[in-house]
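Taken in order, these protein sequences are the chains called D and F.
Under the working numbering, the first residue of the first sequence carries the number 35, and numbering increases by one thereafter.
Under the working numbering, the first residue of the second sequence carries the number 8, and numbering increases by one thereafter.
No lab work stands behind these hints: they were computed from the structure.
All C-beta atoms in this analysis are idealised placements derived from N, C-alpha and C, irrespective of residue type, glycine included.
Any given hint might turn out to be false.
If you want the ones that stay clear, here's a sample from chain F, every Cβ over 10 Å from chain D, calculated [claimed, not checked]:
id, residue
1, Ile22
2, Ser34
3, Thr36
4, Glu39
5, Asp52
6, Asp78
7, Gly80
8, Gln91
9, Ala103
10, Phe107
11, Lys119
12, Glu120
13, Val125
Label pairs and their computed distance ranges (CB to CB) [unchecked claim]:
id, chain 1, residue 1, chain 2, residue 2, range
14, F, Asp95, D, Ser40, 17 to 27 Å
15, F, Lys9, D, Arg149, 35 to 45 Å
16, D, Arg149, F, Gln53, 38 to 48 Å
17, D, Gly192, F, Thr36, 40 to 50 Å
18, D, Pro170, F, Gly127, 24 to 34 Å
19, D, Gly77, F, Gln53, 25 to 35 Å
20, F, Thr38, D, Asp179, 31 to 41 Å
21, F, His74, D, Met86, 46 to 56 Å
22, D, Gly156, F, Asp56, 25 to 35 Å
23, F, Gln53, D, Asp125, 24 to 34 Å
24, F, Ile81, D, Glu118, 27 to 37 Å
25, F, Gln79, D, Glu64, 42 to 52 Å
26, F, Ser117, D, Arg145, 12 to 22 Å
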Amino acid sequence: MSAKLSASQWLDAAVDATRETAIASLGSAEVEVSGTHREVPVGLMGAYVPLMADDQSLHIGLVSSDEGCATMARALLGMEPDDEEEELREDDMVDAVAEVVNILAGVMMRRMADRVSSFDLGLPIFVSGKVSCPGPHDVRVAVLDIDGVVAQVVMMQGGAKLQGGV
Amino acid sequence: MKILVVDDSRAMRMIVIRTLRRAGFGSHTVTEASDGKEALAAIQDQEPDLVLTDWAMPEMTGIELLHAVKDQGIRVKIGVVTSQGTPDMQQQAKNAGAIFLLTKPFTVDSFKELLDPVLG
Numbered sequence: 035m036s037a038k039l040s041a042s043q044w045l046d047a048a049v050d051a052t053r054e055t056a057i058a059s060l061g062s063a064e065v066e067v068s069g070t071h072r073e074v075p076v077g078l079m080g081a082y083v084p085l086m087a088d089d090q091s092l093h094i095g096l097v098s099s100d101e102g103c104a105t106m107a108r109a110l111l112g113m114e115p116d117d118e119e120e121e122l123r124e125d126d127m128v129d130a131v132a133e134v135v136n137i138l139a140g141v142m143m144r145r146m147a148d149r150v151s152s153f154d155l156g157l158p159i160f161v162s163g164k165v166s167c168p169g170p171h172d173v174r175v176a177v178l179d180i181d182g183v184v185a186q187v188v189m190m191q192g193g194a195k196l197q198g199g200v
Numbered sequence: 008m009k010i011l012v013v014d015d016s017r018a019m020r021m022i023v024i025r026t027l028r029r030a031g032f033g034s035h036t037v038t039e040a041s042d043g044k045e046a047l048a049a050i051q052d053q054e055p056d057l058v059l060t061d062w063a064m065p066e067m068t069g070i071e072l073l074h075a076v077k078d079q080g081i082r083v084k085i086g087v088v089t090s091q092g093t094p095d096m097q098q099q100a101k102n103a104g105a106i107f108l109l110t111k112p113f114t115v116d117s118f119k120e121l122l123d124p125v126l127g
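So that you can see chain D by itself, here it is in the shape it has in the complex:
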């Protein structure tokens, strides 16, 4: 069994995976990290996916504003960003952002494959509400600028309880 990775190491991997995913799947030219913090973001929406790695339980999330999520969804679906004639349905937006996180987590798993002996990825969910972490946990967040869209990559190590929904 590999040595337990720290939340900080997981966050670094998540940021790299987000960058690769944004460039490959969203057509982003640039992804910059503008800061990090250790609080679960509030007032935003996005998708989370559970990941079990060796003896560690993690949740990886990508959250943004309503507009930010819509922009990322449009990019993934190949829709023009400001095309008023092509409406983005809410369920498609939810689905698309969840898929972005799914792809991001998969990229992360492949990047960490030589450091983690076993991986299990769950199905993503979309959350618009408060996310809480009961019990001992470590939360690390990176604030990203994805071609002008401000989004946050969230790494929660330990158990997490989700409140609220779409």
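For this one, chain D is given, so just place chain F on it according to the hints.
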């Protein structure tokens, strides 16, 4: 030729279909299924030439679909398109009869490279 696209994410099915078109396979008939169980029924009913399936899905996963098709003696080419793609998964998919495992994010070129030998 007939292609069945299987994924519980409608967004992902749209992306796969769009990539098929961009890779030059737009003239083929494409149908969709939202999980392995639906896909198995579609395979029995439509007899597609190629199935492109996700791995992790509710009801029946991609690997379970591969096993079900094999167990029922159905001859159909199945490729796995997944966000995961660890060496272990690649081996599992190969052992279960998948003709390839393509990881997301994928490109038009990677699609073309894998599907050209199958679809011509």
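Structure-based check of each hint:
Listed as a non-interface residue, F/Ile22 fails to keep its Cβ farther than 10 Å from every Cβ of chain D; the least gap is roughly 7 Å. For F/Ser34, the shortest C-beta to C-beta distance to chain D comes to about 20 Å, beyond the 10 Å cut-off, and the non-interface label holds. The claim that F/Thr36 lies off the interface holds: its Cβ sits roughly 21 Å from the closest Cβ of chain D, which is beyond the 10 Å cut-off. A cut-off of 10 Å between C-beta atoms confirms that F/Glu39 is not in contact with chain D; the least separation is 13 Å.
Distance check for F/Asp52 against chain D: the nearest CB is about 26 Å away, which clears 10 Å, and the non-interface claim stands. Chain D leaves F/Asp78 outside its interface by the beta-carbon criterion, the shortest separation being 25 Å against a cut-off of 10 Å. At roughly 30 Å from the closest C-beta of chain D, the C-beta of F/Gly80 stays outside 10 Å, upholding its exclusion from the interface. The claim that F/Gln91 lies off the interface is violated: its Cβ sits roughly 5 Å from the closest Cβ of chain D, which falls inside the 10 Å cut-off.
No Cβ of chain D approaches the Cβ of F/Ala103 within 10 Å, the least distance being about 18 Å, so the stated non-interface status holds. With a least beta-carbon separation of about 16 Å from chain D, F/Phe107 lies farther than 10 Å from that chain, consistent with its non-interface assignment. Every CB of chain D is more than 10 Å from the CB of F/Lys119 (nearest about 16 Å), matching its label as outside the interface. Here F/Glu120 stays apart from chain D, with its beta-carbon at least about 16 Å from theirs, past the 10 Å limit.
F/Val125, annotated as away from the interface, keeps every beta carbon of chain D farther than 10 Å; the closest lies near 23 Å. Between F/Asp95 and D/Ser40 the C-beta distance comes to about 24 Å, which sits within the given range of 17 to 27 Å. Evaluation of the 35 to 45 Å hint for F/Lys9 and D/Arg149 yields a pass: the beta carbon distance comes to about 42 Å. Checked against the hint of 38 to 48 Å, the C-beta distance between D/Arg149 and F/Gln53 comes to roughly 43 Å, which is consistent with it.
Between D/Gly192 and F/Thr36 the Cβ separation comes to about 48 Å, which falls inside the hinted range of 40 to 50 Å. The given range of 24 to 34 Å is broken by D/Pro170 and F/Gly127, whose C-beta atoms sit roughly 57 Å from each other. A beta carbon spacing of about 46 Å between D/Gly77 and F/Gln53 contradicts the range 25 to 35 Å that was offered as a hint. Restraint check, F/Thr38 to D/Asp179: a C-beta distance of roughly 40 Å satisfies the suggested window 31 to 41 Å.
Here the CB-CB span from F/His74 to D/Met86 is close to 23 Å, at odds with the stated 46 to 56 Å. Range check, D/Gly156 to F/Asp56: about 33 Å between beta-carbon atoms, so the 25 to 35 Å window is met. Distance hint for F/Gln53 and D/Asp125: a CB-CB separation of about 26 Å, consistent with the stated range 24 to 34 Å. Checked against the hint of 27 to 37 Å, the C-beta distance between F/Ile81 and D/Glu118 comes to roughly 46 Å, which is inconsistent with it.
Checked against the given bound of 42 to 52 Å, the beta carbons of F/Gln79 and D/Glu64, roughly 49 Å apart, stay inside it. For the pair F/Ser117 and D/Arg145, the supplied restraint of 12 to 22 Å holds, since their beta-carbon distance comes to about 18 Å.
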